[in-house]
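Asker: Just so you know, the sequences run in chain order A and B. For the first sequence, numbering that gives the first Met the number 0 assigns the number 538 to the last residue and increments by one with no breaks. For the second sequence, numbering that gives the first Met the number 0 assigns the number 313 to the last residue and increments by one with no breaks.
There's no promise every hint is true.
Stated by the list, open to error - Covered by chain B, according to a simulated footprint, are these stretches of chain A (three or more residues, beta-carbon under 8 angstroms):
| id | stretch |
| --- | --- |
| 1 | 21-27 |
| 2 | 33-46 |
| 3 | 349-357 |
| 4 | 363-370 |
Hints were generated in silico from the structure; no laboratory data involved. Cβ coordinates follow ideal geometry from the N, Cα and C atoms, glycine included.
Next come the chains, spelled out residue by residue.
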Amino acid sequence: MSTTEITPYRSTVRPGRNGFAQLLRAEWTKLRTVRGWTIGLVIAVLLTVGLGVLVAVGGSIVCGSNPDGSDSKSGAACRQNPPLGPDGEAVSDSFYFVHQPLTGDGSITVRVTSLTGLYSTHGAIQPDAGTAGLTPGTQPWTKAGIIIKQNTTQGSAYAAMAVTGSNGVRMQYNYSHDIAGDSGTATATSPQWLRLTRSGDTVSGYDSRDGVHWTQVGTATLAGLPSTVQVGLFTTSPGYTVTSDSFGGGSSTGGPTLGTGTFDNVALQSSSPAGAWTGSAIGDDSARALSMAQNEQFQQTDGTFTVTGSGDIAPAGGQGPGAQRAAEESLVGVFAGLIAVIVVAAMFITAEYRRGLIRITLAASPRRGRMLAAKTTVIGVVAFVTGLIAAAVALPLGNHMAYNHGTYVLPIPATTELRLIVGTAAMFAVVAVLALAVGTLFRRSTAAVTLVIVAIVLPYILAVAEVLPGGTAQWLTRLTPAAAFAVQQSLVPYPQVTATYTPANGYFPLSPWAGFGVLCAYAAVALGLAFLRLRRRDA
Amino acid sequence: MEAAIEVNGLRKRFGPTPALDGLSFAIEPGQVTGFVGPNGAGKSTTMRVILGLDAADEGTALIGGVPYRNLRHPLSHVGSLLDASALQPSRSARNHLLWLAHSQGLSARRVDEVVEQAGLRSAIRRKAGGYSLGMRQRLGIAAALLGDPPVLMLDEPFNGMDPEGIVWMRGFLRALSAQGRAVLVSSHLMSELQGAADHLVVVGRGRVIADASVAELIAAASGDRVALRTGARTQAMTVLANAGATVASTGPDTLTVSGLTAERVVALLNQNTVPFSEVSSHRATLEEAYMELTREAVEFRAASAVDGAEEVAR
Chain A
0 MSTTEITPYR
10 STVRPGRNGF
20 AQLLRAEWTK
30 LRTVRGWTIG
40 LVIAVLLTVG
50 LGVLVAVGGS
60 IVCGSNPDGS
70 DSKSGAACRQ
80 NPPLGPDGEA
90 VSDSFYFVHQ
100 PLTGDGSITV
110 RVTSLTGLYS
120 THGAIQPDAG
130 TAGLTPGTQP
140 WTKAGIIIKQ
150 NTTQGSAYAA
160 MAVTGSNGVR
170 MQYNYSHDIA
180 GDSGTATATS
190 PQWLRLTRSG
200 DTVSGYDSRD
210 GVHWTQVGTA
220 TLAGLPSTVQ
230 VGLFTTSPGY
240 TVTSDSFGGG
250 SSTGGPTLGT
260 GTFDNVALQS
270 SSPAGAWTGS
280 AIGDDSARAL
290 SMAQNEQFQQ
300 TDGTFTVTGS
310 GDIAPAGGQG
320 PGAQRAAEES
330 LVGVFAGLIA
340 VIVVAAMFIT
350 AEYRRGLIRI
360 TLAASPRRGR
370 MLAAKTTVIG
380 VVAFVTGLIA
390 AAVALPLGNH
400 MAYNHGTYVL
410 PIPATTELRL
420 IVGTAAMFAV
430 VAVLALAVGT
440 LFRRSTAAVT
450 LVIVAIVLPY
460 ILAVAEVLPG
470 GTAQWLTRLT
480 PAAAFAVQQS
490 LVPYPQVTAT
500 YTPANGYFPL
510 SPWAGFGVLC
520 AYAAVALGLA
530 FLRLRRRDA
Chain B
0 MEAAIEVNGL
10 RKRFGPTPAL
20 DGLSFAIEPG
30 QVTGFVGPNG
40 AGKSTTMRVI
50 LGLDAADEGT
60 ALIGGVPYRN
70 LRHPLSHVGS
80 LLDASALQPS
90 RSARNHLLWL
100 AHSQGLSARR
110 VDEVVEQAGL
120 RSAIRRKAGG
130 YSLGMRQRLG
140 IAAALLGDPP
150 VLMLDEPFNG
160 MDPEGIVWMR
170 GFLRALSAQG
180 RAVLVSSHLM
190 SELQGAADHL
200 VVVGRGRVIA
210 DASVAELIAA
220 ASGDRVALRT
230 GARTQAMTVL
240 ANAGATVAST
250 GPDTLTVSGL
260 TAERVVALLN
270 QNTVPFSEVS
280 SHRATLEEAY
290 MELTREAVEF
300 RAASAVDGAE
310 EVAR
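Bound-form chain A, shown alone (with noise of 0.2 angstroms):
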């Protein structure tokens, strides 16, 4: 045997810090070198402005025609803007106003003795039917009372006491703005006395039962409220709907409706001299139900005052004349682009486990938690890119062309449109993450892609396309991870407007970010799991 001393070899290769940033350089030089993922994140993108184009622009948009189908117009020369409020949201401004000019501060005091209204169970009504065939009844938000109004414009400012048809007396300002006074409703026996007193650009409420005794309900500031505004008595009432739930599609019945409103005691103090009351239906009459419009008027015998009058004054809700829509239904295309995501995401980690690449991930980094976490960086970045470029590109370009195609786009704060393209690129970043944790449990890209898609894909176009019954959809929307849909939406629901609150028409029983927070909780979940099933398990 020789003996030789032998030297060990010494490594000439001096490597760099072996630090979480060479893990995360490493992971992304994986991703980007394989090229069918990153045809995955260009479909992903693809995909979600694609389907947000088509649908913004798909459908024909046909109006104006008359009987004999001459006068027709289509498209662009359809679109009917609705009235946008102080603040620029869209809203509904349809009533039957009595009313004269005030100057400078002033107040108005009525009492309102009773609210009546009628209602078509029919659906739509002949325009020449008068009130023959409607049911008597008043709807929750049935309204008759007074306000103090910018000017007769839709959309102007204004500040109002009323009492509604079930939900007591009142305090409205702005169209958004909704205080709650008496609770009691307005009859010959037990009426209601309401007051608006104008300082500047301060309008306060009060209400009372007797007229002696008065409580403060609210105080509104308008600003700029103008020196001359418009004062008076007004009565409206919402069309109402009836939403019946079943399995395949809720189906919703509903027609115009007319409330009327019986004052007396009206009493006008103002430093100009009282004039004479004028009497005006406010709004397009196509805003309101057109076939109620003959019916619109008011009376005044003797100090009593009958207004009669239909419509609402309130945020639009989604509700309004002509084709509308909301803004994040440019988004529609989000739950494909994310099943793109998920199956590169799924794979990213699924793959190396097919090839046996993970056993040489995992000799070059032997802390495995490490690992996963740059790994989860990675595909997190990358999805919230590939995300924002999608909604960033999706949501303007389809509300551009919905909107020359025909359809109103409710507008949206800034605020609101950067939470959507924000939210949604976030919400492709923890999808991604959900999937890579998945398929580290799993280790097979078909079980984890296939779950994943099951958990958060399929739950959402079930709420959305109105499949199950509402209450269910509300349900899988805040219990699955499909409540992170949650975060695209712009609508605001109001207690004061009727209207179907469910997300097949945009609204989701979580605020956005709580929505967003189940999918996080998800995640964080998973990727829990996904941590201990690679430390534990042999690679």
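Given chain A, work out where chain B should sit, using these hints.
Answerer: Just chain B now, with coordinates in the frame of chain A:
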């Protein structure tokens, strides 16, 4: 001096089957150690345990005295090739090496160096999925060399190589060990290691059957047998048996003699004027040495199967 790789009392079960059954060995720098045994003997499992990929139920595996998981720059301590087909087929061979280099904070320049060493320069931009098994082995070698490690551990690197490739690989392994590196190479075919390995660790059924230098193993398998060709068979048998040898007849004019050296056989025959035409020392091949050892492993296997049956019966 710490052994390059030291495994001590490794035990691991997959379900009821013991894959490793108290396996212990150590490999030293400056030599190629062959890690041989039949398929299923536990070679790959041992390597996975050394790399911290599989956890052993009992025992330790240390690299230069440190568990693999505690290594901060693992690829500059141990380069390994477990499965040459562990590749993302649609990723180019160069990008495969690139991400691995990035994970250790190594540069793309280092990738080019190992590509050159493994003789892959012309094909390095191609997708790894299009590589033949022999080229994948070279790619795996390149990956193992990235960190320029003092220890190399290669599982069946000769698989799928053409004869030219096998010759290249043998020379390459010898060159690496000549630099002072410890090289552990597994194979289920001893012939592949002939001329490459200095030392052998032979395993069977999760245990070490032999742990010795190649020279020792061949000597042990050869015994001190002498082949004798003679026309006077009976006379020769008598003479040699009287001198204390064991003689076996292997043909009409051939004998095998154990217990005497060739020189002593020649002297005895001359002394007694027994005619003969050829006397030669028998030298076993590595293959024969291996067959001898693994035959015992097979017997051991049969015996333990009987034990198992008895245990079940009890």
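Asker: If a hint holds in the structure, say so; if it does not, say that too.
Answerer: Hints versus structure:
Against chain B, the stretch 21-27 of chain A contributes 5 residues with a C-beta closer than 8 angstroms to a partner C-beta. That satisfies the three-residue criterion, and the hint holds. Residue count for the stretch 33-46 of chain A with a Cβ under 8 angstroms from a Cβ of chain B: 3. That meets the three needed, and the coverage hint holds. Residue count for the stretch 349-357 of chain A with a Cβ under 8 angstroms from a Cβ of chain B: 5. That meets the three needed, and the coverage hint holds. Counting residues of the stretch 363-370 of chain A whose CB lies closer than 8 angstroms to any CB of chain B gives 4, which reaches the minimum of 3, so the coverage claim holds.
In this structure, none of the earlier numbered hints is contradicted; all agree with it.
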